[in-house]
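Enquirer: Spelled out, the chains give:
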Amino acid sequence: QKEVEQNSGPLSVPEGAIASLNCTYSDRGSQSFFWYRQYSGKSPELIMFIYSNGDKEDGRFTAQLNKASQYVSLLIRDSQPSDSATYLCAVSDNTDKLIFGTGTRLQVFP
Amino acid sequence: DGGITQSPKYLFRKEGQNVTLSCEQNLNHDAMYWYRQDPGQGLRLIYYSQIVNDFQKGDIAEGYSVSREKKESFPLTVTSAQKNPTAFYLCASSIGTITDTQYFGPGTRLTVL
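From first to last, the protein sequence lines are chains A and B. Residues in the first sequence are numbered from 1 upward in steps of one, following our numbering. Residues in the second sequence are numbered from 1001 upward in steps of one, following our numbering.
Among these hints, one or two may not hold up.
[To be verified] Distance condition first, Cα-Cα at most 30 Å in a straight line; then the derived DSBU-like pairs of lysine-lysine:
| # | chain 1 | residue 1 | chain 2 | residue 2 |
| --- | --- | --- | --- | --- |
| 1 | A | LYS56 | A | LYS42 |
| 2 | A | LYS42 | B | LYS1014 |
| 3 | A | LYS97 | B | LYS1057 |
| 4 | B | LYS1083 | A | LYS42 |
| 5 | A | LYS97 | A | LYS42 |
| 6 | B | LYS1057 | B | LYS1014 |
| 7 | B | LYS1070 | B | LYS1057 |
| 8 | A | LYS56 | A | LYS97 |
| 9 | A | LYS2 | A | LYS56 |
| 10 | B | LYS1009 | B | LYS1057 |
| 11 | A | LYS97 | B | LYS1083 |
| 12 | B | LYS1009 | A | LYS67 |
| 13 | B | LYS1071 | B | LYS1057 |
| 14 | A | LYS97 | B | LYS1009 |
| 15 | A | LYS97 | A | LYS2 |
| 16 | B | LYS1057 | A | LYS2 |
| 17 | B | LYS1009 | B | LYS1083 |
| 18 | B | LYS1009 | A | LYS56 |
| 19 | B | LYS1070 | A | LYS97 |
| 20 | A | LYS97 | B | LYS1071 |
| 21 | A | LYS67 | A | LYS2 |
| 22 | A | LYS67 | A | LYS97 |
| 23 | B | LYS1014 | B | LYS1083 |
| 24 | B | LYS1009 | B | LYS1071 |
| 25 | A | LYS42 | B | LYS1009 |
| 26 | B | LYS1070 | B | LYS1009 |
| 27 | B | LYS1070 | A | LYS42 |
| 28 | A | LYS42 | A | LYS2 |
| 29 | A | LYS2 | B | LYS1083 |
To be clear, the hints were calculated from the coordinates, so they are not data collected in a lab. Model, not experiment: these values are computed from the prediction.
Looking at chain A on its own, in the form it has when it is part of the complex (with noise of 0.2 Å):
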């Protein structure tokens, strides 16, 4: 069964600093990777996606692909505090369902 592995956390880190998610998948032909944001009580929110090995900017957010290692890492530069939430990997592969991880928790305090 495919499977898409995260850490639950919390995730801890100062106002500031940089926060560094992490997503394993078991699906070595895997194509499509997405990370979603997840405030309590609301539904997910797309943050970014990414397809190719290497890295990719958007703002603060970088998410990071490493294929031959089955991750993919999403890194938040300047957290602030409104980026505590609950953020959820989603992992998929050009002939199947696009599969979640469970999601870690992130808490910024100040």
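We have chain A; now place chain B onto it with these hints.
Expert: Positioned in the frame of chain A, the structure of chain B alone reads:
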């Protein structure tokens, strides 16, 4: 305003009742999905539809039914056969295939009394 709407936001069901959750999108997306989220668990796919009048079972379809009569609408019925329906239900849509970026509605929280 383009987006995905779900109603109601909160829904209470008595045991033995069927209830229908609404999902509408005006993004002109072909594909729509229903997920269920339980505390401490990832999103689990219930049903999905990639075209009008066609839909497929996801990983946990038992006790649920859907229809896709219009491109904009993908209602989910939670039947009395679903043994543990209390959960947060999320509808999503994407442009085409299931591997395209999925965008989520605000969700419906269903509680069985």
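Enquirer: Please verify whether LYS67/A and LYS97/A have alpha carbons no more than 30 Å apart.
Expert: 18 Å, holds
Enquirer: Is LYS2/A within 30 Å of LYS1083/B, Cα to Cα?
Expert: 25 Å, holds
Enquirer: Quick one, are LYS97/A and LYS1057/B close enough, alpha carbons at most 30 Å?
Expert: 11 Å, holds
Enquirer: Taking only the CA atoms, is the gap from LYS97/A to LYS42/A under or equal to 30 Å?
Expert: 23 Å, holds
Enquirer: Regarding the pair LYS2/A and LYS56/A, is the alpha-carbon distance no greater than 30 Å?
Expert: 25 Å, holds
Enquirer: Does LYS67/A sit within 30 Å of LYS1009/B, going by the straight-line distance between their CA atoms?
Expert: Distance of about 39 Å is beyond 30 Å: violated.
Enquirer: Take the C-alpha atoms of LYS1009/B and LYS56/A, compute the straight-line distance between them, and say whether it is at most 30 Å.
Expert: 35 Å, violated
Enquirer: Given the hinted pair LYS1070/B and LYS42/A, is their alpha-carbon gap at most 30 Å?
Expert: Measuring from Cα to Cα gives roughly 26 Å; hence the hint holds.
Enquirer: Tell me if the straight-line CA distance from LYS42/A to LYS2/A falls inside 30 Å.
Expert: 26 Å, holds
Enquirer: Verify the proposed pairing of LYS1071/B with LYS1057/B, using a straight-line Cα cut of 30 Å.
Expert: 18 Å, holds
Enquirer: Quickly compare the C-alpha distance for LYS1014/B and LYS1083/B to 30 Å and report which way the hint goes.
Expert: 12 Å, holds
Enquirer: Holds or violated: LYS1083/B and LYS42/A, Cα atoms, limit 30 Å.
Expert: 24 Å, holds
In summary, the structure is inconsistent with hints 12, 18 from the numbered list given earlier, while agreeing with the others.
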